[in-house]
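Student: Going down the list, the protein sequences come from chains Z and C.
Every letter in the first sequence is one number past the one before it in the working numbering, and letter 22, counting from 1, is 47.
Every letter in the second sequence is one number past the one before it in the working numbering, and letter 57, counting from 1, is 82.
None of these hints come from the bench; they were simulated from the model.
A couple of the hints might just be wrong.
It does not matter which identical chain is meant; a pair holds if it fits inside one copy or across any two.
As the list claims (entries may be wrong) - Think about it this way: if two alpha-carbon atoms lie no more than 27 Å apart in a straight line, the pair counts; the simulated DSSO-like pairs of lysine-lysine are: (1) Lys65 <-> Lys123; (2) Lys62 <-> Lys123; (3) Lys59 <-> Lys123.
Protein chains: 2
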Amino acid sequence: MILELADLRIHPGQNAAFDEAIALGLRDVIAHAKGCKGFKVNKGVESPERYVLQIFWETLENHTVDFRQSEAFTQWRGIVGPFFAAPPVVEHFELVVKST
Amino acid sequence: MILELADLRIHPGQNAAFDEAIALGLRDVIAHAKGCKGFKVNKGVESPERYVLQIFWETLENHTVDFRQSEAFTQWRGIVGPFFAAPPVVEHFELVVKST
Chain Z
26 MILELADLRI HPGQNAAFDE AIALGLRDVI AHAKGCKGFK VNKGVESPER YVLQIFWETL
86 ENHTVDFRQS EAFTQWRGIV GPFFAAPPVV EHFELVVKST
Chain C
26 MILELADLRI HPGQNAAFDE AIALGLRDVI AHAKGCKGFK VNKGVESPER YVLQIFWETL
86 ENHTVDFRQS EAFTQWRGIV GPFFAAPPVV EHFELVVKST
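Chain Z with its partners taken away, still in its complex shape:
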């Protein structure tokens, strides 16, 4: 299992609309992508324009190849992209430890 962590910055004052848009994009697009095992979005307390998106993929290539080269990527970016104030900062992670 691979965690994609995307650090997102949106334009000020668009939180309510972005909350709806990203929920829709995740449910209608990401959830159906090959190898997608789940997702989570959090928004900043100190930085209300900052969002952290976590998507769990079966393999790294499910994200970097299968998803990014699919039509679904264009659809997804069409839904959330207009809100972005800066390019998303995306990296992948492996689990080290978690509480039970």
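The hints should help you fit chain C onto chain Z, whose structure is shown.
Tutor: Just chain C now, with coordinates in the frame of chain Z:
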């Protein structure tokens, strides 16, 4: 519920020792802190010196006041601090949406 997200950078080549140290610190110190509801640590695929620590707190003050002003904070920093190559970047987040 509040998510604390800490972006950590450690000195190169210390991954195995840090993996052990942070697991110990979380289990022996953080897990017993007032309001701590759970934790998770991930390490970078593209950036092996990057770790993302997530701690779930009942309230923001359980972290910023209760924990940071406790002896446990000193203990925790004693365990993980020596590995840090830069000061941790810490912010707090609320849940927007997650998959079921």
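Student: Now tell me, hint by hint, if it's right for this structure.
Tutor: We went through each hint and held it up to the structure:
no., hint, result
1, Lys65 <-> Lys123, "both (16 Å within a copy, 4 Å between copies)"
2, Lys62 <-> Lys123, "both (17 Å within a copy, 11 Å between copies)"
3, Lys59 <-> Lys123, "both (25 Å within a copy, 18 Å between copies)"
In this structure, none of the earlier numbered hints is contradicted; all agree with it.
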